[in-house]
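> In order, the protein sequences belong to chains V and E.
So in my numbering, spot 108 of the first sequence is number 108, and the numbers just go up one at a time.
If you count the second sequence from 1, you need to add 1000 to reach my numbering.
Watch out, some of these pointers could steer you wrong.
What the hints assert, rightly or not - Pair by pair, the computed Cβ-Cβ distance ranges are: (1) E/1170 - V/26: 11 to 21 Å; (2) V/133 - E/1013: 27 to 37 Å; (3) E/1013 - V/13: 35 to 45 Å; (4) V/130 - E/1042: 50 to 60 Å; (5) E/1292 - V/12: 46 to 56 Å; (6) E/1292 - V/51: 31 to 41 Å; (7) E/1025 - V/52: 16 to 26 Å; (8) E/1319 - V/96: 35 to 45 Å; (9) V/140 - E/1319: 36 to 46 Å; (10) V/162 - E/1016: 47 to 57 Å; (11) E/1293 - V/96: 35 to 45 Å; (12) V/72 - E/1319: 52 to 62 Å; (13) E/1303 - V/69: 34 to 44 Å; (14) V/57 - E/1303: 26 to 36 Å.
Stated by the list, open to error - Covered stretches of chain V, going by a simulated chain E footprint (3 or more residues, C-beta under 8 Å): (15) 27-34; (16) 101-113.
Said to hold, decoys possible - If you want the ones that stay clear, here's a sample from chain V, every Cβ over 12 Å from chain E, calculated: (17) 12; (18) 51; (19) 66; (20) 67; (21) 77; (22) 117; (23) 126; (24) 130; (25) 143; (26) 149; (27) 156; (28) 157; (29) 160; (30) 165.
Hints listed in this document are in silico derivations from the structure and should not be mistaken for laboratory results.
Note that beta-carbon positions come from the ideal geometry of N, C-alpha and C, so glycine has one too.
Each chain, letter by letter, is given below.
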Amino acid sequence: MDQLSGIHPAYGLYLVLIISGGAVAVLARSLVRALSGLIITLFGVAGMYLLMAAPFIAFMQILIYVGAVTVLIFFAIMLTRTSEGESGSESGSVGRSFLGIWAAAFSTLVLAAVVVRHMPKAIPLKPEASMGRLGEFLTGPFALSFELISVVLFVAMAGAVLLGFERRKAK
Amino acid sequence: MTQILQFLMLPLVHLIVALIAILTFIALNGLILVYVERKVAGFIQRRPGPFEVGPHGLLQPLADALKLVGKQLVMPRGADRILFWVAPLLSFAPVAICLLPIPFGPYLLGLNVNLGLLLVLAFSGLNVLALCLAGWGSNNKYALLGAARAVAQSVAYEIPLLLSVLCVAFTCGSLSFVDITASQTRGLLSWNVFSQPLAFLIFFVSALAETNRAPFDLPEAESELTAGFHTEYSGMGFGLFFLAEYSYMIVVSAVASVLFLGGWSGPFFSGHWWMLGKIYALILIMMWFRWTYPRVRFDQLLNICWKWLIPLSLINLLGTALIINLVR
Chain V
1 MDQLSGIHPA
11 YGLYLVLIIS
21 GGAVAVLARS
31 LVRALSGLII
41 TLFGVAGMYL
51 LMAAPFIAFM
61 QILIYVGAVT
71 VLIFFAIMLT
81 RTSEGESGSE
91 SGSVGRSFLG
101 IWAAAFSTLV
111 LAAVVVRHMP
121 KAIPLKPEAS
131 MGRLGEFLTG
141 PFALSFELIS
151 VVLFVAMAGA
161 VLLGFERRKA
171 K
Chain E
1001 MTQILQFLML
1011 PLVHLIVALI
1021 AILTFIALNG
1031 LILVYVERKV
1041 AGFIQRRPGP
1051 FEVGPHGLLQ
1061 PLADALKLVG
1071 KQLVMPRGAD
1081 RILFWVAPLL
1091 SFAPVAICLL
1101 PIPFGPYLLG
1111 LNVNLGLLLV
1121 LAFSGLNVLA
1131 LCLAGWGSNN
1141 KYALLGAARA
1151 VAQSVAYEIP
1161 LLLSVLCVAF
1171 TCGSLSFVDI
1181 TASQTRGLLS
1191 WNVFSQPLAF
1201 LIFFVSALAE
1211 TNRAPFDLPE
1221 AESELTAGFH
1231 TEYSGMGFGL
1241 FFLAEYSYMI
1251 VVSAVASVLF
1261 LGGWSGPFFS
1271 GHWWMLGKIY
1281 ALILIMMWFR
1291 WTYPRVRFDQ
1301 LLNICWKWLI
1311 PLSLINLLGT
1321 ALIINLVR
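The shape of chain V in the complex, shown without the other chains:
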């Protein structure tokens, strides 16, 4: 219990943000509301990065994910909106909600069991890495993974363009 009482208030706040944002994203009927839930979660995760002494990653998270990615998702929602309103808002039957609760409870139990069995020890916080060192790492020892990620992104983009063209030809 000693560890629990030592939770940083900011950590608790970010935890609440992440979980409540996720709940909104899953439970909301309207797509845009689900998207705002996602935004709340992303903010919480950015806060977690701040607590881990990685402000650069935290601000990048806000700049890229909140500022650009969610805006693009919003754009996609607006473009694909059908005339009968929101898509994918069919009401779930009792059986489906039962299955949903079962799945949530099962995964929670498994995760809780693992955490209780192998409680990770708190690692002392490392000092904040300077931007220069981050850059050296990305272009030095981690250059390959850095390049691979950009290749993956490029492939995804090219694939999206290709799919778009094929769809247009079919019409």
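Following the hints, position chain E against chain V.
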């Protein structure tokens, strides 16, 4: 006395005092800019502008503000009850954070962070999101069109903006506003605008687009979309959007003066008056633009960005990197 000073030096107290000061500045600035904009518009169009309320119409913005506060808040039927009211708040709230890391004077600084530039860029991006939510939540076609325009515009213009900012970060070797200002205190010629003139131009044009100022005010183009994303807002809902727009003008001009015009340093008597002078000079130029150029068409807007600003800023960035490598 020393106890009071010590109390003021506590980080949290310092932050709260800075936030209060910034909010006061934002409110005062809103009143001033409303008056100045109407006067500038008047003079450019050869008419006196507001003249009736108070001497030379000085009390006009106060009357406007009272009118806005007193108006009824109306929500259209079928609007999204939560998102409709969250949007103006989300538009206004990040402004205070954006102004925190900006050094207005040698000691006039809310929060000294190493990544100040990144902080401002990250939080100023939230404005687009607010416009989207406002446009979508209003259940209005004009508002939705305005939101769609805002998205396309800001996503496009964010790229040259970031690239031009990166040039300055390269030359100064830092993302901290304090360091960037410190590197420009060696006289007038050490200002970045002289070493990075192209970056300054690109930054200023992109910033005009990001703040939805004319000639790039397509999201709220009144002749085509009534009022764009804020068509359905009345009273302080509209007031907050308005205040946010004027405050983003301050943020953008302040960032531009720190990055390119030496911040609070001047050729003589360096201090916060230089910073304020530069900020308001840039804002006057923005107003001058608004009443000089007609609004661009949407395809023109995107062409300017994708065909001119992005290639130019990429070339500028590569050139800067090359020169820095050669010099080292």
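> Hint by hint, which ones does this structure get wrong, listed from lowest number up?
Checked against the structure, the hints that fail are numbers 1, 3, 6, 7, 8, 9, 11, 12, 13, 16, 19, 20, 21, 24, while the rest are satisfied.
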